[in-house]
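Residue numbers (the numbering used here), protein chains in the order written: chain L, 1 to 199; chain U, 1 to 199.
Because the hints were derived from the structure by calculation, they are not lab data.
Glycine included, every Cβ here is placed at the ideal spot set by N, Cα and C.
There could be a bad hint or two in this list.
Some chain L residues close to chain U (C-beta under 7 Å, calculated; not the full set) [as the list claims (entries may be wrong)]:
id: 1; residue: 112
id: 2; residue: 118
id: 3; residue: 121
id: 4; residue: 128
id: 5; residue: 163
id: 6; residue: 174
id: 7; residue: 186
2 protein chains.
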Amino acid sequence: MVTKKRRLVASEPDGRVRRSKEAVLSAAYRLLTETGLGGVSVDAVSRKSGVAKTTIYRHWPTRSALLLQACSKAGAKPQAPDTGTLRGDLTLLLGHIATQLPDARWATVLPSIIDAAERDPELARLQARLHGEMRGAFRTIIERAQQRGELSRRSDPAHVIARVMGPLFYRRWFSREPLDDDFVKSVIENVVGHTKQHR
Amino acid sequence: MVTKKRRLVASEPDGRVRRSKEAVLSAAYRLLTETGLGGVSVDAVSRKSGVAKTTIYRHWPTRSALLLQACSKAGAKPQAPDTGTLRGDLTLLLGHIATQLPDARWATVLPSIIDAAERDPELARLQARLHGEMRGAFRTIIERAQQRGELSRRSDPAHVIARVMGPLFYRRWFSREPLDDDFVKSVIENVVGHTKQHR
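Working from the sequences, and respecting the hints, build out all of it.
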């Protein structure tokens, strides 16, 4: 009984902290999607979440840190599929991203971060780190393909990732062309076809 | 003499218009690079350029139109090289872009436009059109490679462009990895090597 009581007492502040952090992140994220990065001040987040500014600053030392964690909530971190072939894995993974890119929230918010990072080196570093975590699934499927001998061990996984993510991101944000099945397939074949030459 | 005088009289208003347009575009462009898109209001451009708001609106019906023309001043439109091979042409063209991407002004300003376009469909259309013009050099060298038989006529030039521009843009703005010679070369070989299979 005593132990149980202690646990309850101990968990209560954690629960409150968790809930207030959640409220702050949700408010920051809603503001981001509604107004872009320009509208997300710590003041505005405090008003929208009902959490005091001092509390916000206790959890996130800078506005950039808050923004980035709000974005990472958006769930842009896909799981690594394991179909047994690189072509199969890429089809699932890129297909998933191509479906999300046109209007998933993280995709509409990311340009705000990218833009602000041009003038904020700390944000740039945080964004690159977050993006690195998001690439984990690609790294996993590429390394598995190398272990199977499907892909040369001389292929730099970072190059392969840029060759599959790059064309999709480029069409979404720069050329604004459709991310249709034909296009996604051509991106995959380009990587799978090419790397086979170097086995 | 009469003719000369007429010419002077006729050219004077044009010269004034040209100079005031130049002043407006320069001011807009300086504001863009200093503050990002958020800082570029027609008010601010008017103050910085000394050109009246009514005059600005006469030349550019919307803020978006002004912004885009200010960006296109930045000279992101490269010339098509003609070395005789796709590999040679891509080496020059991508090399040029890879050199500019880290800190050319157009590259530091573009994310502002991309971000604002998420919430402004007119700006999105204008940006896509401007980007299309910027791709002209790629289209030219790809079509020449197809005429020479170096690249299959079944290759969609738009796909090829996404496969070479995408990885570079991706590293510059999303993964923030270096655009070194090795990487640029691997992007080129990926396109040249791959397309040869389909000759």
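Verification of the supplied hints:
no.	hint	result
1	112	holds (5 Å)
2	118	holds (5 Å)
3	121	violated (11 Å)
4	128	holds (4 Å)
5	163	holds (5 Å)
6	174	holds (6 Å)
7	186	holds (5 Å)
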